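J.: If you read the protein sequences in the order shown, they are chains G and D.
FYI, in numbering that gives the first Met the number 0 the residues of the first sequence are 0 to 315.
FYI, in numbering that gives the first Met the number 0 the residues of the second sequence are 0 to 274.
Think of the hints as simulated: they come from the structure by calculation, not from any bench.
Please read these numbers as outputs of a predicted model, since none were measured by experiment.
Among these hints, one or two may not hold up.
Cβ-to-Cβ under 7 Å is the rule here; a few derived chain G residues that face chain D [to be verified]:
| # | residue |
| --- | --- |
| 1 | 67 |
| 2 | 173 |
| 3 | 175 |
Away from chain G, derived, C-beta distances all over 12 Å, residues of chain D [to be verified]:
| # | residue |
| --- | --- |
| 4 | 3 |
| 5 | 25 |
| 6 | 136 |
| 7 | 140 |
| 8 | 159 |
In silico DSS-like cross-links for lysine-lysine, where the CA-CA straight-line distance does not exceed 27 Å [unchecked claim]:
| # | chain 1 | residue 1 | chain 2 | residue 2 |
| --- | --- | --- | --- | --- |
| 9 | D | 168 | D | 199 |
| 10 | G | 100 | D | 83 |
| 11 | D | 59 | G | 23 |
| 12 | G | 44 | D | 135 |
| 13 | D | 138 | G | 44 |
| 14 | D | 59 | G | 100 |
For every residue, glycine included, the Cβ atom is placed at its ideal position computed from N, Cα and C.
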Amino acid sequence: MKSLHTYADMRAVYADTLIDLAGKDERILVLEADLMSASGTKGFKEKFPDRIINAGVAEANMVGVASGLSSQGFIPFANTFGCFATRRAYDQFFLSANYAKQNVKLIGTDPGVTAKFNGGTHMPFCDITLTRVIPGLTVIEPADTVSVHNLTKLAYEHQGCVYMRLHRKGAVNIYPEDQKFELGKGIVNREGTDVTIFATGMVMLPESLKAAELLEKEGISAAVVDLHTVKPLDGDLVLKYVKKTGAAVTCENGQVNGGLGGAVAEFLSENYPAPLKRVGVQDEFGEVGTQDYLQERYGLTADAVVKAVKEVLKMK
Amino acid sequence: MEKQDLEMLIEKAKEIRKLTIDEVGFLGVGHIGGAMSVVEILTVLYYKILQNIDPKDPKKEGRDKVVLSKGHAGPTLYAILADKGYFPKEWLHTLNKGGTMLPSHCDMNRTPGIDFTTGSLGQGASAAAGIALADKLKKHDAFTYLIIGDGESQEGQVWESAMFASHYKLGNLIAFNDYNKMQIDGTTYDVMGIDDVNTKWHGFGWHVQRVDGHNPAQLTEAVLRAKLVSERPSMIICDTIKAKGFSLAEGQVGSHSMPFTYEQAQEAIAALDKN
Numbered sequence: 000m001k002s003l004h005t006y007a008d009m010r011a012v013y014a015d016t017l018i019d020l021a022g023k024d025e026r027i028l029v030l031e032a033d034l035m036s037a038s039g040t041k042g043f044k045e046k047f048p049d050r051i052i053n054a055g056v057a058e059a060n061m062v063g064v065a066s067g068l069s070s071q072g073f074i075p076f077a078n079t080f081g082c083f084a085t086r087r088a089y090d091q092f093f094l095s096a097n098y099a100k101q102n103v104k105l106i107g108t109d110p111g112v113t114a115k116f117n118g119g120t121h122m123p124f125c126d127i128t129l130t131r132v133i134p135g136l137t138v139i140e141p142a143d144t145v146s147v148h149n150l151t152k153l154a155y156e157h158q159g160c161v162y163m164r165l166h167r168k169g170a171v172n173i174y175p176e177d178q179k180f181e182l183g184k185g186i187v188n189r190e191g192t193d194v195t196i197f198a199t200g201m202v203m204l205p206e207s208l209k210a211a212e213l214l215e216k217e218g219i220s221a222a223v224v225d226l227h228t229v230k231p232l233d234g235d236l237v238l239k240y241v242k243k244t245g246a247a248v249t250c251e252n253g254q255v256n257g258g259l260g261g262a263v264a265e266f267l268s269e270n271y272p273a274p275l276k277r278v279g280v281q282d283e284f285g286e287v288g289t290q291d292y293l294q295e296r297y298g299l300t301a302d303a304v305v306k307a308v309k310e311v312l313k314m315k
Numbered sequence: 000m001e002k003q004d005l006e007m008l009i010e011k012a013k014e015i016r017k018l019t020i021d022e023v024g025f026l027g028v029g030h031i032g033g034a035m036s037v038v039e040i041l042t043v044l045y046y047k048i049l050q051n052i053d054p055k056d057p058k059k060e061g062r063d064k065v066v067l068s069k070g071h072a073g074p075t076l077y078a079i080l081a082d083k084g085y086f087p088k089e090w091l092h093t094l095n096k097g098g099t100m101l102p103s104h105c106d107m108n109r110t111p112g113i114d115f116t117t118g119s120l121g122q123g124a125s126a127a128a129g130i131a132l133a134d135k136l137k138k139h140d141a142f143t144y145l146i147i148g149d150g151e152s153q154e155g156q157v158w159e160s161a162m163f164a165s166h167y168k169l170g171n172l173i174a175f176n177d178y179n180k181m182q183i184d185g186t187t188y189d190v191m192g193i194d195d196v197n198t199k200w201h202g203f204g205w206h207v208q209r210v211d212g213h214n215p216a217q218l219t220e221a222v223l224r225a226k227l228v229s230e231r232p233s234m235i236i237c238d239t240i241k242a243k244g245f246s247l248a249e250g251q252v253g254s255h256s257m258p259f260t261y262e263q264a265q266e267a268i269a270a271l272d273k274n
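Just chain G, same shape as in the assembly (with noise of 0.2 Å):
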């Protein structure tokens, strides 16, 4: 693969990490739903025709055969919206991949309000809260190039299903090329002494950093927090940087109810009750607009993270 800060898209590192691991183990197959172009994934059948399947537009199928094929040792890739992947798909990546036990790799494309121009319907503001809810399923989501590389590795090296949340266009670069990944651990991004941040995704992470930037200048020292690892939530880093800080302000480009906003609230009340404020998207639908427009109306903006701190200093 070339230098992981050089992508312009988040989908073409997907797509390079996959190329690379089915080149080395001849059990990894994607399985599309008429979205491969979107997913990024046509260099892969380019390299290996006969393990990509398209399943047409059909993704409850396409989960259930992923299922079947995990069964006979193979370890699918299924790419489709988010919305989709979890919406549509929900009963048989509930039923037919993890309570069977299965080895699939689910991929939730256009998270949140990265679904822009595909608006409301295509919106996936509660795809984290469904899948969280999955006995022993892992829930992923990438906020860089270099994150994207490792936790499709790390979702490959996984014993068992995976829900990963994939940023398709632009890209972002927060970790130095070698950062070190463990799926179920966080990464401090930002020591801070104040409040900690706790962020997960590609809109909300930079988004944190950049808040945590503008609160120092006013004197507010916030720790950045990334976890990328939605389910297990790292509970030891959570209860570390609680108890070194005294609040928690979570953040993610989704539903808070239920999403990692619920995670740490409920690790948190059963733990070490703490000031905690959530930002997120607040019990309501997608909307059409761009990118800039709908992070504004969600409240999915560094502005929205430091009048969060502000509230949740208050509490303590």
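Starting from the structure of chain G, add chain D where the hints point.
T.: Chain D alone, transformed into the frame defined by chain G:
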């Protein structure tokens, strides 16, 4: 078919029917209707058709596979698997008891010999297509046998998978439709018509045959013909009778899931012996 073979299959079907009635009767409630209508289909598969299966090595590579997508008929399959030696027959009396290895619906992670977990109707159809595709990719000379119910064919996923199997020319996928014409709320005609079922499957590009689903000779011949169809999946529509051979409720809609006592089960078994 050799007369001796046919007699063996008829006798075996009777034995499986009795074992299944005893199994469900011991619990006192169950999906007896669909469990009885599918007896001959499963008997023909396990005692005549399946290749390369080994009760001592249930996950043997390259074996023929069976996906009972109408997973509620699991008790019949358990009777067969016990009879074949996949697990002790004593297990049959643990059906649906807490901690059992034999749950109401098929579970590949609990029961030796179950090739895929089923229960939510329609899902086994896609899984079976995936399994057949896996064998094709591995260049295994194996067949996957899928059994769906007639009510189950009301699920959209069945038709998504039908389109898929045909598109990918899964000639190694052979399906049975246990067409007993009854479902929970009534007959399929009253609840949601699935006719003309032959035409539907034909329209989806499948090789279609129709047989008496309680006639082992017809079933066997249909499977052997289906195995010769290499570029298309095969559907064998089996005209069956709900609760066939279960004297208490044969042909009755209410037999989908019904309570009955162990004594009633024994009476039904005795009635079978008289025939």
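J.: Give a verdict on every hint.
T.: Going through the hints against the structure:
1. 67: 2 Å, holds
2. 173: 37 Å, violated
3. 175: 38 Å, violated
4. 3: Residue 3 of chain D is indeed farther than 12 Å from all Cβ atoms of chain G, at 35 Å.
5. 25: Holds: least Cβ distance 26 Å, greater than 12 Å.
6. 136: The assertion about residue 136 of chain D is violated, with a minimum of 7 Å to chain G.
7. 140: 14 Å, holds
8. 159: 4 Å, violated
9. D/168 <-> D/199: 17 Å, holds
10. G/100 <-> D/83: 26 Å, holds
11. D/59 <-> G/23: Between residue 59 of chain D and residue 23 of chain G the Cα gap is close to 25 Å, so the pair holds against 27 Å.
12. G/44 <-> D/135: Holds - the C-alpha atoms of residue 135 of chain D and residue 44 of chain G are around 18 Å apart, at most 27 Å.
13. D/138 <-> G/44: Distance ~20 Å between residue 138 of chain D and residue 44 of chain G Cα, so the pair holds.
14. D/59 <-> G/100: This hinted pair holds, its Cα atoms lying about 18 Å apart.
When the structure is compared with the earlier hints, violations turn up for hints 2, 3, 6, 8 and for no others.
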